[in-house]
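A.B. asks: As you go down the protein sequences, you meet chains A and B in turn.
Here the first sequence is numbered in the working numbering, starting from 151 and rising by one per residue.
Here the second sequence is numbered in the working numbering, starting from 67 and rising by one per residue.
One thing to keep in mind: the hints can contain errors.
[What the hints assert, rightly or not] Output of the computed footprint for chain A on chain B, the stretches with three or more beta carbons under 8 Å from beta carbons of chain A: (1) 143-156; (2) 248-256.
[Stated by the list, open to error] In silico lysine-lysine, DSS-like type, Cα no more than 25 Å apart, as pairs: (3) A:K254 <-> B:K155; (4) B:K222 <-> A:K261; (5) B:K127 <-> B:K75; (6) A:K261 <-> B:K124; (7) B:K75 <-> B:K124; (8) A:K261 <-> B:K269; (9) B:K127 <-> A:K258; (10) B:K269 <-> A:K258; (11) B:K269 <-> B:K222; (12) B:K255 <-> B:K155; (13) B:K75 <-> A:K263.
These aren't lab readings, by the way, just hints derived from the structure by calculation.
The beta carbon of each residue, even a glycine, is placed where N, CA and C say it ideally should be.
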Amino acid sequence: MQFEVYQVLVPLIGLFSIGLTLRSQLIGENTVFETFFWILIWVGICLVALFPDTTTNFLSRALGIKDNVNAIIFIGLAASFFIHFRTFTVIKRQNRTITELVRKIALKMEKDKENPS
Amino acid sequence: MMMENAFNKDQILIIIPVFNESGRIGGVVSELKSHGFGQVLVIDDGSVDNSATEAAGKGAKVLIHLINRGAGAATETGLQYFRQQSHLKLAVTIDGDNQHSPSDIDHLVRAHVESEADLTIGDRFMSGENKIPLSRIIYNRIADIITSVLSWKMVKDSQSGFKVWSRRSAELIRIEQNGYEFCSEVLIKAHHYKLNLVNVPIKVYYPKDYHRKGQNLGMGIRTAFNLLHHSIFKN
């Protein structure tokens, strides 16, 4: 069985992303649902990369699409999922931090006004 | 049970999130004060006008968000203040644009106490007497459907900002959504925690320039997207 380059690259990206997802779960950034969702996505992408014929034949039969999906599309999909995931996580975290900071300052200003030292 | 027997009005914190409500917020605070509510907290959410000064001038306590974070974030700041003040028994959230009538607070609180509710919602559609613009009716119905689906319970007037919070509901529900989608988030979480929710009819007044602020159909689409996104990625 001969492996193409993408069949190595995509599972590597997938494993790396699953690692990041599990790390986020461990430090409390993700919910169980979120972790499960992303692992499922990455496992799916890896399976398609490792067994392109079997999975794409199955997918095209299941979805009624005649052409097999090529490796470039899957690499692109994997990359865009990865970028979306990271961007979303960072924006979410930063938004929350900014709001918490603004809130803490508002409450502190009021406390300082009530108890001037 | 009369409200006066259950709660002194000084044990009720009125929370008003505002963003550029100069010319209106002063009147809202004055009216609340004239109804005997001494604890009025205005959260100025990064206004660039005189909202904060105007509210403070009428006797409200003012918390200032240095930058605009949204109605949800401002409401959560008010609730955070409420959590820190153990002598306060109830929190009431109302809009700062004069759409709600402070006289409704009395019967909302009374209903809240009588029904031993955790969260009481001022329902704009219950009485059928309010003149609500058609776009708002459509928007609210869609929001109610989405909120009902996400919370697996039938909810009514999910977008009302007029609510009475018990200490229990304020402790359990932490608002994470910065924008208007917080209204649905609160109800979804209330159902999640199996809180006792009660809807009570209120009066509402829409000024001619009502579309200037608040929610509309365009914002509703964004709100719906944010809610669905939040439900998928963090429920």
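A.B. asks: Now look at each hint and say whether the structure bears it out.
C.D. replies: Results of checking the hints against the structure:
| no. | hint | verdict |
| --- | --- | --- |
| 1 | 143-156 | holds (count 4) |
| 2 | 248-256 | violated (count 0) |
| 3 | A:K254 <-> B:K155 | holds, 23 Å |
| 4 | B:K222 <-> A:K261 | violated, 37 Å |
| 5 | B:K127 <-> B:K75 | holds, 16 Å |
| 6 | A:K261 <-> B:K124 | holds, 20 Å |
| 7 | B:K75 <-> B:K124 | holds, 18 Å |
| 8 | A:K261 <-> B:K269 | violated, 35 Å |
| 9 | B:K127 <-> A:K258 | holds, 13 Å |
| 10 | B:K269 <-> A:K258 | violated, 36 Å |
| 11 | B:K269 <-> B:K222 | holds, 15 Å |
| 12 | B:K255 <-> B:K155 | holds, 21 Å |
| 13 | B:K75 <-> A:K263 | holds, 24 Å |
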